Structures are given as C-alpha cells and as structure tokens.
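With chain F held as given, fit chain L onto it using these hints.
2 protein chains.
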Amino acid sequence: MKQIIVVSLAVGLVTGLVGYNAAASGGADEGSAPALSELPAGYRDWPLITVAHEEGKLNDIRAILGNDIAIKAFREGATTYPDGTIIGRLAWDYHPLEESKAAFGAPQSFVAGPPKNGVQFMIKDVKKYASTGGWGYVEFDDGKPSAKAMPEACFACHSVVKDRDFVFSRYAP
Amino acid sequence: MKQIIVVSLAVGLVTGLVGYNAAASGGADEGSAPALSELPAGYRDWPLITVAHEEGKLNDIRAILGNDIAIKAFREGATTYPDGTIIGRLAWDYHPLEESKAAFGAPQSFVAGPPKNGVQFMIKDVKKYASTGGWGYVEFDDGKPSAKAMPEACFACHSVVKDRDFVFSRYAP
Chain F
1 MKQIIVVSLA
11 VGLVTGLVGY
21 NAAASGGADE
31 GSAPALSELP
41 AGYRDWPLIT
51 VAHEEGKLND
61 IRAILGNDIA
71 IKAFREGATT
81 YPDGTIIGRL
91 AWDYHPLEES
101 KAAFGAPQSF
111 VAGPPKNGVQ
121 FMIKDVKKYA
131 STGGWGYVEF
141 DDGKPSAKAM
151 PEACFACHSV
161 VKDRDFVFSR
171 YAP
Chain L
1 MKQIIVVSLA
11 VGLVTGLVGY
21 NAAASGGADE
31 GSAPALSELP
41 AGYRDWPLIT
51 VAHEEGKLND
61 IRAILGNDIA
71 IKAFREGATT
81 YPDGTIIGRL
91 AWDYHPLEES
101 KAAFGAPQSF
111 VAGPPKNGVQ
121 FMIKDVKKYA
131 STGGWGYVEF
141 DDGKPSAKAM
151 PEACFACHSV
161 VKDRDFVFSR
171 YAP
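Keeping their order, the protein sequence lines are chains F and L. For the first sequence, full-length UniProt numbering begins at 1 and goes up steadily by one. For the second sequence, full-length UniProt numbering begins at 1 and goes up steadily by one.
By construction, these hints were calculated from the structure, which means they are not laboratory data. Quick caveat: nothing in here was measured; it's all calculated off a predicted structure. You may find that some hints are simply not true.
[Claimed, not checked] Heads up, simulated BS3-like pairs for lysine-lysine below, C-alpha to C-alpha not over 30 Å straight-line:
1) F:LYS148 x F:LYS57
2) F:LYS148 x L:LYS101
3) F:LYS116 x L:LYS116
4) L:LYS116 x L:LYS101
5) F:LYS144 x L:LYS72
6) L:LYS72 x L:LYS116
7) L:LYS72 x L:LYS162
8) F:LYS101 x L:LYS101
9) F:LYS72 x L:LYS116
10) L:LYS116 x L:LYS148
11) L:LYS101 x F:LYS116
12) L:LYS148 x F:LYS101
13) L:LYS57 x F:LYS116
14) L:LYS116 x L:LYS162
15) L:LYS128 x L:LYS162
16) L:LYS116 x L:LYS144
17) L:LYS101 x L:LYS57
18) F:LYS57 x L:LYS101
19) L:LYS162 x L:LYS57
20) F:LYS57 x L:LYS116
21) L:LYS116 x F:LYS101
22) L:LYS148 x L:LYS57
23) F:LYS57 x L:LYS57
24) F:LYS128 x F:LYS72
25) F:LYS162 x L:LYS101
26) F:LYS144 x F:LYS57
27) L:LYS144 x F:LYS72
28) F:LYS101 x L:LYS57
29) F:LYS116 x L:LYS72
30) F:LYS72 x L:LYS72
31) L:LYS162 x F:LYS101
32) L:LYS148 x L:LYS127
[What the hints assert, rightly or not] Only some residues are given here: those of chain L computed to face chain F with a beta carbon under 7 Å:
33) ASP45
34) THR50
35) ILE61
36) ALA63
37) GLN108
38) PHE110
39) VAL111
40) PRO115
For glycine and all other residues, C-beta sits at the position ideal for the given N, C-alpha and C.
Okay, chain F solo, but in the shape it has when bound (with noise of 0.2 Å):
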C-alpha cells in the first residue's frame, strides 16, 4: 500500500490529480458515477497552467491546462479555487528527438510522443464533493471516464498539499 501511495503521489503532485495507479490498490470504488461522463468541451484549448515530466515507471511529458475559472484563479495566485474550476492533465510519451540525438551524439531533446497515461481532470465543487475536499475526479481513456478514477484515493493523496486547497500544480509565467 505504501508503494501505491508513493506511486500516485507521484503523479498527483505534477497533474493535480491523482488515482492514476488506483485500480491496482484493491480498494476501489467502481460503482461510483465518474465526476465527469465526457470530456470537456473544448479542453484541448485552454491555457496552459504548467508543464512538467515524470521519469520512472510513468516516463512521461506532461501539460496542465485550465478552464476560464481555473486560470483566472491561478493568475491571481489563489489559495482556494472557486467551485467550476477544472484543471486537466494531459500527457504523452517522452520521446528523446532524433534529429537532435544525432547532432549530439546523445539525447538532448525531448519531446511528445503519442498520448499516454490517460487524460484527467480535477472538478471543484465543495458540495457535490464534500467527501473529497471539494473536488471531483475522473481519468479518460480513449476518451471514455476509466474505471481507474477513484476519487478517495486521489483525495488521500492531494491531502498532503491540503494548505494549497488540494492543487499540486503552480502557475508558470
């Protein structure tokens, strides 16, 4: 179990979002309705919060982006998120560049390769989500919500940035 937390510690502090490795932990809660049934419209082009990679077993190249709501309070370095915030994370394969590798003579490059790790996102609504510190949260696979999300366990992990209402992420200039 410790391994598990560690793992989804992991991805929860980079994304905001954690629940990734849930299904393996033996504690889900599939039956619950997922905080979102569809992706976002138009999610693809909201601004971006932040970037970051994950090396390790997740071995990605990540993107933050936020709803209007979400920037907004980003922007204005808030503490707490308004309810209607939604941070999302995408992510893909981390791909050494090969033009570059080969100006080198070893990786100095890298960049998205195809999409990986799923797509999530983390919903603020402080009664809906009562039981999970205000947020709801869902992971997408090809599009559909995955059995993965599981908010408890996401929960547990984004209480560790509990003074910073549950979000790992910080904006980036």
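Using the frame of chain F, we list chain L on its own:
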C-alpha cells in the same frame, strides 16, 4: 562555428526557433528590426502545440503555443503554414519537485520553475521574410526584443526541416 550550430539546433529542434546562442556566433545582424517589437497580445492564452525538455546547458522545460492560425494548421496536419502563423516558445527552469523527491528518495517529478531562456516567436510572412524562408524570428527577454534574435542564424538551423516549412514542432494531441 560547428558547436554554435549544434547548440542552436538543439534549441530550434524543439522550439521551432533558433538564434538563442546567436550573439556568441560573431555573425549577428543586430541592426535589423526585430520581427515583433512587442510581445503578441494574449499569447499566454494561446492553445498548446506541444511540450519539451532540453538537457545540457539549456536545462529547461518548455511549452510551444500557437495563435489561432497556427493551431488550425497544426491540427490539419499542415506541411506549410499560412501567412499570419505565429508559434511561441516559453521555457522555465527545470526543477525537481521537492515533495516527490522526498517521497521517492530520488528525483521523480520535474516541474517548471522561474521563466528561463527568453520567450521566442517565429512569424510567417512569405514576402516580408523571403530571405529567411518566409519566417521572421524574435526572442523577448524581460518583455523586450533581444539583441540575440538573429533571423539568419535561425533560418540556417531551421533549414534542417525545410521540407516541413522550417517548423520542428509537431502537434501533441
């Protein structure tokens, strides 16, 4: 000169922009007007094209954004880009996330620190920038066009991907 070209290549391969190290090349045309005199309005809200990490001296994590014309072209799988296309590259210091490092006992998650290596843009205008493959190039440091911005050096490196209209970045879905 070879070393300078190689370093410039590393920047340009990922950013779609080169010229970062141009001031050291001894070939600067610092008297020419920058392709943009001011940062494009609202560029920080532009949708994401892709993300990348540069190792070595650059040691940054970066995002490539595009204006509406750019995004439309990328999503349509363009092999050439229309006039008015602007591609922007933002970069930040490459930071190990302390919470993650503490949990793992080693670096696992890497996130964006303070802005680094300027903000760069390439602007398509076939007639205006005919001498550099139809693209103008500019870097902003602290919000002002940098003397390091060298369209000739940018162009020299971008010629590596002449068959992709001098654009290194690929759209990350």
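For the pair supplied as a hint, L:LYS116 and L:LYS162, is the alpha-carbon distance within the 30 Å limit? Within the cut-off at roughly 28 Å; holds.
Is the hinted pair F:LYS128 and F:LYS72 satisfied, with a Cα-Cα distance of at most 30 Å? holds (22 Å)
Taken at face value, is the distance from the CA of L:LYS101 to the CA of F:LYS57 at most 30 Å? holds (15 Å)
Within a Cα-Cα threshold of 30 Å, do L:LYS162 and F:LYS101 meet the stated pairing? Measuring from Cα to Cα gives roughly 19 Å; hence the hint holds.
Quickly compare the C-alpha distance for L:LYS162 and L:LYS57 to 30 Å and report which way the hint goes. Answer holds: L:LYS162 to L:LYS57 is near 26 Å, not above 30 Å.
A closest beta-carbon separation below 7 Å is what the hint needs, so does L:PRO115 meet it against chain F? holds (6 Å)
Pairwise hint evaluation, F:LYS101 against L:LYS148, where the allowed Cα distance is 30 Å at most: holds (25 Å)
Can you confirm whether the C-alpha distance between F:LYS148 and F:LYS57 stays at or below 30 Å? Cα-Cα ~17 Å, so holds.
Does the structure keep F:LYS162 and L:LYS101 at a Cα separation of 30 Å or less? holds (19 Å)
Keeping to a limit of 30 Å between CA atoms, is the pair of F:LYS144 and L:LYS72 held or broken? Cα-Cα ~25 Å, so holds.
Holds or violated: is there a CB of chain F closer than 7 Å to the CB of L:ALA63? holds (5 Å)
Between L:LYS148 and L:LYS57, does the CA-CA distance stay at or below 30 Å? holds (17 Å)
Going down the numbered hints, you'll see the structure goes against none, and every one checks out.
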